[in-house]
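Peer 1: If you read the protein sequences in the order shown, they are chains A and B. First residue of the first sequence? That's 0 in numbering that gives the first Met the number 0, and the numbers climb one at a time after it. First residue of the second sequence? That's 0 in numbering that gives the first Met the number 0, and the numbers climb one at a time after it.
These are calculated hints, taken from the structure and not from any lab test. Here a beta-carbon is modelled for each residue, glycine too, at the ideal position from N, C-alpha and C. One or more of the hints may lead you astray.
Reference excerpt, derived from the structure (chain A facing chain B, CB under 10 Å, subset only) [claimed, not checked]: (1) 23; (2) 51; (3) 56; (4) 65; (5) 93; (6) 103; (7) 105; (8) 109; (9) 113; (10) 122; (11) 126; (12) 144; (13) 166; (14) 168; (15) 170; (16) 177.
Calculated cross-link-like contacts (lysine-lysine; reagent style BS3-like; alpha-carbon spacing at most 25 Å) [as the list claims (entries may be wrong)]: (17) A:156 x B:69; (18) B:558 x B:469; (19) A:156 x B:113.
Chain residues, written in single-letter form:
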Amino acid sequence: MVRIKTYGEPPYDVREVLRYAGSRDDDAVLALFEACRAEIAAGLSYKVCYLPLSVCVKGDLCDFGAFTAKSKDLARNLDGCEKAVVFAATIGVGIDRLIAKYSVLSPAKALLLDAIGTERIEALCDLFCDDVAREYQTYCRPRFSPGYGDLPLSFQKEIFFVLNCRKHIGVSITDSLMMSPSKSVTAIVGLNDEACKKTSRKCGACGNQECAFRSAV
Amino acid sequence: MNFNTFLKQNIVYLDGGTGTLLQERGLRPGEHPERWNLTHPEVITELHRAYFDAGSNVVCTNTFGANTLKFPLDELEQIVKAALSNAKAAREESTAPQEKFIALDIGPSGKLLKPLGDLDFEAAVDTFKATVSLGVKYGADLIYIETMSDSYEAKAALLAAKECSDLPVIVSCAYGEDGKLMTGASPAAMVALLEGMGVAALGANCSLGPKQLRPIVRELLQYASVPVIFKPNAGLPESVNGKTVFDVTAEEYSEIAAELIKEGVRVVGGCCGTTPEYIRAVCEKTKQSAPAAVTPKNLTMVSSFTHAVVFGNQPVLIGERINPTGKKRFKQALIENDIDYILSEGFAQQEKGVDLLDVNVGLPEIDEPAVLKNAVEALQAVIDLPLQIDTSDIGAMEAALRRYNGKAMINSVNGKAESMASVFPLMKKYGGVAVALTLDENGIPETAQGRVEIAKKILSTAAEFGIDKKDVVFDPLALTVSADAAAASVTLETVRRIQSELGVHTSLGISNVSFGLPARDPVNGTFFALALENGLSAAIMNPYSADMMKTYFAYKVLKGLDENCEAYIAAAQRFAGTGNTPQQTDREGAPENGLRHAIVKGLKEKAAALTKERLLSADPLDVVNLEIIPALNAVGVGFENKTVYLPQLLMSAEAAKSAFEVVKSALASNGSRADQGIFVIATVQGDIHDIGKNIVKLLLQNYGFHVVDLGKDVPPETIVKTVRELHAPLVGLSALMTTTVPAMEETIRQLRSETPWCKIVVGGAVLTKAYADAIGADKYAGDAMETVRYAEQIMKDLASEK
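Looking at chain B on its own, in the form it has when it is part of the complex (with noise of 0.2 Å):
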């Protein structure tokens, strides 16, 4: 029998602990257990074995860490094979008479996947390709990845797993004692993520006994439409003469693994501290339970790195600025790369209250397939919202996808036939929820019937590629009312339709219906009520709509959605100041008005406000060579002279930054930009930290130089390849330890060679002036100042030799 089958009809007896028995069998502290494959098989297949003697129906192989980190290619192979063979052994000699499988075990691979660790998403992806292939051809029944504590990790390998084989994959995850993963995820986001990839069970493994791990599989069974697996340590070690003792017994272990299948687990086994013991303690205890149904939840679910938004309970809110559509400011963030502005996007949106970000990054003059990559990475790197990928470049939407932290949104298919034989398989691949537009290739039907036919062919051909409907979400397309007086009517109607007859739900833009007419506010915010009541689950929608928001909050409390009317009353506070600035005090107590002194004292709001004001009178450059620049000067100079502190100067920047974005706002619709010079700015590779860097950024740009940021652990060949391509007059390089220091000195290398033009200061915590002669620098800063003095000066240089 095929593991698929049998788990289908059947509670799954998993395998108990591996480490603790080994180290008691002479495993030493630090040594590999993986080698004991080839040193000590008679073990392996020892232990392998008196699990199955005690009921388990599948064993792992002893590959918890065998990876290509660990490992060699070669040695590598030896130990998957080793370690298949010596499962097979066992199998062949246990008698016991039950359905025997061996999982190929798959671990993390020991080091955190970038951003916030140093392992790129592909590089895992190929590190567990390389075991997945040989636990492939040594014949393993079904891949087992466990204990993983990070979501992407998790992506990453099982990834791996679809991309090498056929065989039926489980994933387990590590879950601390506040319920999440070590990187955040909740029971729900895995969930989400996992099922959307295909996953033949998913559960929890590790890190803590039975009791604490039993709300977090009741968390899953909740939402999971695929068995549930519970293999909770022996509870916490404790340390008893000297000797690792776990403080829960195989009874009350088995007691609880009972009552969890009782409430439906179905794969059952143990990790840390269990023994065969507890196995046969569980099946003894459940070998008469009839295995629980996996019923399907029929949750649309979309999930960020930390957790998941569920449809139909609330209305989502999907904010739509992250596009570039009819905005000149964005249009030139993107072009110039500027990461920054989209975050601060992401940021903006967050704060006033949406669900999950549109990402739009479609523009004629970039690579959008890189664009879209980039933005998505940066954007899961710091927001913990899920978000919806909005592209119609299917290359661009496989690069976005595939990055994804989670399981997305994707905006959008349609009923053309080559739209669903283009977007339905990457979501078969990669998970994710689809906003499927109401048209094909014969347009838009004019009315709600024919619609509502075509996404009733949308779903038939999305069940032909194995998607489910719940992760079809229709958007019934609000068309413009000023042109037809009933197209409001018709997308209710479609809408409320969809939603009744199909059982799915429903997404709609609802801008675009008052396209055309003076102060469309009012009625964007009318349709979304009307839209709410006929049963729309999702808006895409402009979150700094007053109109808009107070139809949400309204909304909630009317239908008894927002609980003693907090959510209204919190957001009461907003809607009374529409449209005015936040009040900033100035804590020197004196009212003072000037801009120069908003900039000094670091009143963000408050600079930005001015600006504004100054700038109906004003010509822009005198704004900020009279005003902006004379101002951060004072606080410069402060600095340099030890009057002014770091944070201070900091608050400054920001204020003076405040100030330029509403100048250079102005500015991009003139179409025009004032700038010093290009300062390629980068942490050099190996270092993950960038926080100088990010100082020493804020303050060039404030001083007017176009700072072209590349990050952190950058090649050098990157670095010497923009430098080269804007023929950059600066670079600036940071690094923080000094195993980095020679990837520094690298650069500086080729940077000689390549762009012998260029001048090169460098800093960082462990840098002195002595060392960054040895390697070669122009200039050591010691400050984010000094870096600004010097770059000033060889803009002065360069402008006199002309």
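Extracted from the complex, chain A is given alone in its bound form (with noise of 0.2 Å):
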């Protein structure tokens, strides 16, 4: 059964938001980055559903009973694990509305908006990881989610189906595969009693060494 959970705020990470915005410590940024969030912190909401399932992976078919994925990237994820939780998470419509108006208004505040949701989205999956950690009592592989690696993106469309995200949380895609609020994420999570290496979260487990917000690993 899809369950749904609801957080409050989770800590603000200001050099993440800054890094997803293009830039470093300035003062003019960092006053501009407050009048935001200020401005946003009332429009947010912080919601997760998910499912918890069984995963079987044999080469580089994951079957997780409902659904399987064909992934070599996505199986080498979940090795070794009996269990994971699929998730979808979404800080809401309230700050793409915002975007829109800064748009026309304010650009640089889009931006910096638009930076925040993103630094604040990551913010919850990790909350939301911790989360099935504890009450797994098991350790959360790196979270993996469609586009990932050889993860095609139409992956997405299973992972809709099976959460009914739209219902849940009100999260919805269209038809080229985008999510609806922006600032939402899905994955997969495999959840094994072997803590695995210490990675990056984020950035030391992709491939795209071009990528524009690849930090350094």
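Join these two chains into a complex; the hints should help.
Peer 2: See the structure below:
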């Protein structure tokens, strides 16, 4: 059964926000960040829906019972796991509305809000995965989303079907596989009793060396 | 008995949950329950029958997700046909004595409507129409639109139901813990929208348990003049030993239902987790209850996609600035299809505190239905104020009302037979509150008595069209006091009499009263105060007028409408600084007064103020070429050398834009403009986010390009057509996802064959130079400055060819 969780505001990582905005420490930019943060605070809601599944990995086929995924990279990620959690997380539609507003009034603010949204949804996913690890008293593998490695973006459809994201947390998907609200994430997290090798949670596991947002690992 | 008659006299019991029960009977996760109508008809019939046996008056067909987005039309027909046949079989089998109806159940389409999603409003209407038509064909008694979490989609479904059937329609929505729909609408806003369009009943279902839904249903009861529906989940789901269990028992559930039925709920059922046992418990507990009377609330309400504005509590301010009359800069924006300018006018008025925005785009040289519709869509995408659709073009009025996400104010209808015959049917279909002018074929009566007579005629004609008087607000017309000394008092008397004798609200276009006088503001402000004292409910006004705003806040204080005088005290700070530009401090600390410095530091207001000052003595083009451009260049070069970061570049660009806007206003009033060249820009089809494109646009505008922004999710044909019509030398395309790059490639292919002269520059998160080359672009731009430099180079090359 799909379950829903609502969270309070996760702590901010200002450096991450600035990185997403293509900036470093600068008083004027920080002042703009604070203004944006204050303006969006009431418009954010932190919601996750998820489904615990058993998983069986054979070669590059990951069988979750309700659906399967053929992906070498995901299979490597889930290697040794017998359980996994598939989830969708969102910070709501408010930030999209505010970004649309400031796209007209102030693209600088729109850029900062966009960066805040990206940082917020990642922070929410971190919080949720920590929660999952606690709840199942185990360790989480780095979360793996459609579009990572050789897992096609179209896998998004399977996740949406299984989780009924629209009903549970108000997230829907377009024909071109974009999510709305835009600051939403879907992913699969493998659960395993052994802590996996410590890599950077975000960039280390990703093969895209040319990504503009890749942090130094 | 037909459903409407039954609803008038009885408490109506709906059925309970379906999905959870089907899962217990073997429905697998991810399987379409609607197909079970065909594959397991006996299971569906048995479930329906169990609800009839438990006491349900209405059983909903198993068609929640049955629509053309999920099923091909022929399969959809099979599903709907089987669904109705299963429900009818259950009705025949059940020996329970109560009245039994079958509702065609319609849930959300599964897609989100534009602008948040990619489903066009009319496409949504067509999708729902297909299901409704089949429901009618196979014999549904009523239509139940349920679990709507987006007001716009609810409107699309309701419109489809109205256009394809005469069946009664009831609608209930899924509210979140914050008491609002997922896309933001409050219960009051939904009452305004749904009741305005003529639903038989409205309410709340799903998403929450009975306790959490209680305050939402109470709010619905407070505003609704039609029966209210209460259909919650059986509490919140919990997992116990791997099984889903809901935390509210049938007994607890029925107690809350009984309590709310006493308070006025007239339609009750259950959603996720409820079973026939729950419905039986509710029926048992309330079978002796008399149905509460559904009382007309007589509330004049308009709404946006978030909230309702109710007339009568506070004076309602309607901002009049989105209107080209007498404004050269605004006319220019309309002709150039510069929607951003219209949006800026909307934001600025919202900042001043208006409750509604009047939207008038009437110009002889434009296609008013198309422009008004676009303006309404653009405004409601970003501004949460209700809109007043202001046009004399009935086609434009209908186009705007149809697309409006809420219950609009309509400006205007009048006592002429022709006017009423064209406006009232639109109100009946789409909902709305009309501003009715007290004039008719014989003109404007000179006396208050004459105007009241016209008002009476308008109300009785409205009633013939089925329009309640609460949906008509009279404008008794403020005439010019300098032409007729009695004009103001006649208007004031009319306001008072219409309000007290006819029991309806009034609205006035205030500023006309002072036409022809010098220093008009004090006259307007005082007239506004007098009108309020005579019972005026709303004013169409200029929120930049200090006197009007002072009157408004002072009136509220004096009438006890401003608790602790808080609004007045907050506004008083603004009065003190009337006419002054807000002071902005230079974060570097050093006092610097130059325009160049203001731009480099990204000080928007200061840059605009300094430009205004410079224009008093300097030639506009000199200000542009010697001050604004060099400042921009300094920042641009800094960005290219990585000493300036993107947010700083944008802050400077915004400051430069505000300086340019001042220059542009000056040039617009001289009737001339300066341009580098035309640059058409768009985010390709399928892509619904456009922040990167907007950044490029801002910089291009700064560098003197006339940017034609086609927006996001733009079909290739539209881009080609625009480039061809404008003979644009440059086009910029943006794509964010690997899934939309094919749309970019297709656009390039069409541009190459149709508009071979045009240079194509592409950008976006997933693109690389190699990718751009492979799909045939002329240039890959890694950032906004690179696009600007490329565009400058192309224009230079073109100039030297000539």
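Peer 1: Once the shortest beta carbon distance from residue 105 of chain A to chain B is found, is it less than 10 Å?
Peer 2: Interface hint status for residue 105 of chain A: holds (6 Å vs cutoff 10 Å).
Peer 1: Holds or violated: residue 56 of chain A as interface residue toward chain B, Cβ cutoff 10 Å?
Peer 2: 20 Å, violated
Peer 1: Under 10 Å is the threshold here; is the Cβ of residue 168 of chain A close enough to any Cβ of chain B for the hint to stand?
Peer 2: 9 Å, holds
Peer 1: Are residue 156 of chain A and residue 69 of chain B close enough, with their CA atoms no more than 25 Å apart?
Peer 2: This hinted pair holds, its Cα atoms lying about 13 Å apart.
Peer 1: Hint check: is the beta carbon of residue 113 of chain A less than 10 Å from a beta carbon of chain B?
Peer 2: 5 Å, holds
Peer 1: A closest beta-carbon separation below 10 Å is what the hint needs, so does residue 109 of chain A meet it against chain B?
Peer 2: Since the shortest Cβ distance to chain B is 6 Å, the answer is holds.
Peer 1: Was the hint right that residue 144 of chain A lines chain B, CB cutoff 10 Å?
Peer 2: The hint is violated - residue 144 of chain A has no Cβ within 10 Å of chain B, the shortest such distance being about 13 Å.
Peer 1: Going by Cβ atoms only, is residue 122 of chain A closer than 10 Å to chain B?
Peer 2: 20 Å, violated
Peer 1: Should the interface hint for residue 166 of chain A be scored as holding, given a Cβ-Cβ cut-off of 10 Å against chain B?
Peer 2: 7 Å, holds
Peer 1: Using the nearest Cβ pair, does residue 23 of chain A come within less than 10 Å of chain B?
Peer 2: Status holds, d = 6 Å.
Peer 1: Given residue 126 of chain A as an interface hint, is the shortest Cβ-Cβ distance to chain B below 10 Å?
Peer 2: Nearest chain B Cβ about 18 Å off; hint violated.
Peer 1: Are residue 65 of chain A and chain B close enough, Cβ to Cβ, to be under 10 Å, as the hint says?
Peer 2: 5 Å, holds
Consistency note: the structure conflicts with the earlier hints numbered 3, 10, 11, 12.
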